[in-house]
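**Student:** Sequence:
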Amino acid sequence: MPQYSKLNDTDSDYSASAGKKRRITLADLRKSSEIFRYTLPYKHDFIIGMLFLFLSSATVLAFPLIAGKLMDASIGKIEWVVEDLNTIAILLAALLLLQGIFSYGRVMFFAKVSEYSIADIRKALYSKIITMPIPFFEQRRVGELVSRITSDITQLQDTLSLSLAEFFRQITSIIGGTIIIFIKSPRLSLLMLATYPALIVMAMVFGRHIRRLSKQSQDALANANVVVEETFQTVNIVKAFTNELFEMSRFNRIVNSVVGLAMKAARYRAAFITFIIVGLIGGMLLVLWYGARLVYAGQMTAGDLVAFIVYTVIIGGSVGGMAEVYSKIQKTIGASESLMEIMREKPEITIEPDNEPLKKLRGEIRFENIRFAYPSRKDVTVLKNISFQIRSGEKIALAGPSGAGKSTIIQLLVGFHHPDAGTIYIDGRPVLDYRLRELRKNIGIVPQDVILFGGTIRENIAYGKTEAGEAEIIRAAEKANAMEFIRMFPKGLETVVGERGVKLSGGQKQRIAIARAILKDPSILVLDEATSSLDSASEILVQQALEELMRGRTSIIIAHRLSTIRKADRIFVLNKGELIEEGNHSELMKNEGGLYRHLIHLQFSQAETERA
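With the numbering used here, the residue at position 190 of the sequence shown is 190, and numbering never jumps.
These aren't lab readings, by the way, just hints derived from the structure by calculation.
One thing to keep in mind: the hints can contain errors.
[Stated by the list, open to error] Restricting the straight-line Cα-Cα distance to at most 30 angstroms, the calculated cross-link-like pairs of lysine-lysine (DSBU-like) are:
1. K465 / K520
2. K567 / K441
3. K128 / K395
4. K264 / K112
5. K239 / K503
6. K360 / K520
7. K123 / K331
8. K395 / K359
9. K346 / K503
10. K590 / K576
11. K503 / K567
12. K359 / K520
[What the hints assert, rightly or not] Computed Cβ-Cβ distance ranges for the label pairs, DEER-style:
13. M589 / Y425: 26 to 32 angstroms
14. K503 / G260: 37 to 43 angstroms
15. E438 / R37: 28 to 34 angstroms
16. K503 / D433: 39 to 45 angstroms
17. K360 / G492: 30 to 36 angstroms
18. V235 / E345: 29 to 35 angstroms
Ideal placement from N, C-alpha and C gives every residue a C-beta, glycine not left out.
Whole structure, please, built from the sequences with the hints as guidance.
**Tutor:** Here it is as structure tokens:
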């Protein structure tokens with residue numbers, strides 16, 4: 001069974017992991033490049049975008065050259081193909097128009113590559129996550145997964161649409177500008193370039209600190225997202241325990257740490273920008289001073305000096321901007337690594353269409369020497385050599401105290417987990433030999449705590465058979481005794497149930513869940529004590545619906561209230577992961593020292609006490 005990494009639970013864990021210094025290596029680039037395979041379908045658009053980028057950069061580099069000639073022409077010192085001021089001005093205007101066209105093309109083509117690639121990545125990541133086995137979700141928090149599919153992909157989108165283009169533009173500007181200034185004046189170029197090593201070294205130093213702080217801030221923000229997810233999903237519990245202030249304090253503490261880290265990073269960025277500005281302006285003043293001497297000595301024209309200064313600004317700005325781009329690329333590499341970790345996980349089912357017809361199972365079940373411990377608690381054996389057999393169409397119940405292993409048996413039957421030892425058979429065939437889709441299509445579950453989707457009643461019922469028609473949905477709702485209350489709503493089946501079904505009562509939600517199971521028409525039915533939390537009136541309606549649902553199916557009832565399983569054909573009594581008793585209600589009640597009889601008496605005594 002594969003193991004899955006957990007999201008750290010404490011702020012200190014986030015800080016510790018975030019504090020590790022990281023450099024971009026060839027291995028990092030190789031790993032992160034896997035995510036860029038999603039751009040391959042749009043490689044032609046990317047190439048065209050790159051062409052527009054280079055043309056746009058070329059027009060930018062041409063501006064200072066022609067502007068310098070314009071200045072020389074204004075003082076009558078020009079030796080160029082075009083000497084007329086108006087003609088040079090028109091040439092500059094044409095260059096400006098071309099720059100606009102090239103920039104528009106660059107933005108549009110890179111946007112197309114970015115949007116379509118990111119859409120493909122989002123779809124692929126969601127498809128991967130939704131097809132992962134249950135242990136994956138048990139050992140990862142929802143906030144982390146949401147952060148992966150939102151924040152990390154947004155980081156990639158910024159890189160594809162902006163940072164990547166900016167990186168190539170700056171490289172082009174640095175290389176092109178350096179070549180031009182060396183042609184203009186080698187001596188002045190060497191003086192100018194002598195000021196850059198110090199800027200580059202400081203950029204690397206500042207950049208390392210900024211990256212570390214940004215990573216810490218990003219991780220702390222992800223921790224805040226986890227708190228938001230957890231509290232919003234369990235808002236009833238938060239309010240029931242009046243823990244609003246506690247959750248506010250917890251969230252505020254994390255947000256404050258985000259602000260603290262962000263401000264610390266801002267101080268580094270401010271110091272870095274100040275240093276870059278002072279260094280660039282100081283370098284330009286030095287170049288201007290030496291260039292003025294060259295102009296005075298007649299070794300270059302005033303126009304060439306102006307062009308040189310502008311090229312110096314362009315090169316300096318590109319060098320200074322490289323630190324920002326480098327930082328974004330590092331973030332992207334971290335985000336892409338996190339995404340690829342998920343993408344490389346092995347799903348439990350494939351997402352390709354399955355055209356093979358689904359076989360209807362008879363529902364014979366056999367557990368043979370099953371031993372199991374959850375992956376996250378390998379030291380605790382939940383089931384110990386469990387063996388039993390259920391005949392097709394038989395109604396059996398699983399009874400026993402909490403933690404006895406009742407729900408675990410169902411998880412193994414459905415294939416959420418696999419036994420560490422032993423074999424589960426359905427219709428004489430090992431469960432592992434079935435396609436998961438085929439297996440689960442034949443098993444219907446009505447849980448104790450029904451969770452509905454936030455759409456309409458129709459959508460929630462149709463979830464049992466997504467291709468079902470109107471008549472099938474209504475028939476299923478009628479069999480589940482649900483149409484009675486559905487017709488009372490003004491919008492009927494189109495009534496929106498709200499987030500997790502909050503607009504419906506417990507009995508109404510249970511009947512919708514039963515209708516969903518009826519529509520699915522499974523061979524094997526699992527009832528996780530679907531009436532335990534209902535009032536008497538609702539319980540009668542739900543129980544009638546369950547009787548209709550269980551007719552002609554192999555039914556497994558997880559019993560919490562033992563009074564509801566008296567009519568079961570057989571009852572399996574579990575305790576501490578072992579099957580210790582088996583028989584119908586009458587047979588088990590005859591065993592004076594039996595656990596089942598003891599539990600019945602306990603519940604009877606408790607009921608008598610409550611009535612008193």
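**Student:** Hint by hint, say whether it matches the structure.
**Tutor:** Consistency of the hints with the structure:
1. K465 / K520: holds (5 angstroms)
2. K567 / K441: Status holds; Cα separation ~27 angstroms.
3. K128 / K395: violated (37 angstroms)
4. K264 / K112: Roughly 36 angstroms between the alpha carbons, so the hint for K264 and K112 is violated.
5. K239 / K503: Within the cut-off at roughly 17 angstroms; holds.
6. K360 / K520: holds (12 angstroms)
7. K123 / K331: Cα-Cα ~22 angstroms, so holds.
8. K395 / K359: holds (22 angstroms)
9. K346 / K503: violated (38 angstroms)
10. K590 / K576: Within the cut-off at roughly 22 angstroms; holds.
11. K503 / K567: Violated, at roughly 33 angstroms.
12. K359 / K520: Satisfied, since the Cα-Cα distance of roughly 14 angstroms is no more than 30 angstroms.
13. M589 / Y425: 26 to 32 angstroms: At roughly 31 angstroms between Cβ atoms, Y425 and M589 fall inside 26 to 32 angstroms, so the hint holds.
14. K503 / G260: 37 to 43 angstroms: Holds: the Cβ-Cβ distance is about 41 angstroms, inside 37 to 43 angstroms.
15. E438 / R37: 28 to 34 angstroms: This hint holds: roughly 32 angstroms between Cβ atoms.
16. K503 / D433: 39 to 45 angstroms: holds (43 angstroms)
17. K360 / G492: 30 to 36 angstroms: Since K360 and G492 have Cβ atoms about 32 angstroms apart, the given range 30 to 36 angstroms holds.
18. V235 / E345: 29 to 35 angstroms: For V235 and E345 the Cβ distance comes to about 31 angstroms; the hint holds.
Checked against the numbered hints above, the structure violates hints 3, 4, 9 and 11; every other hint is satisfied.
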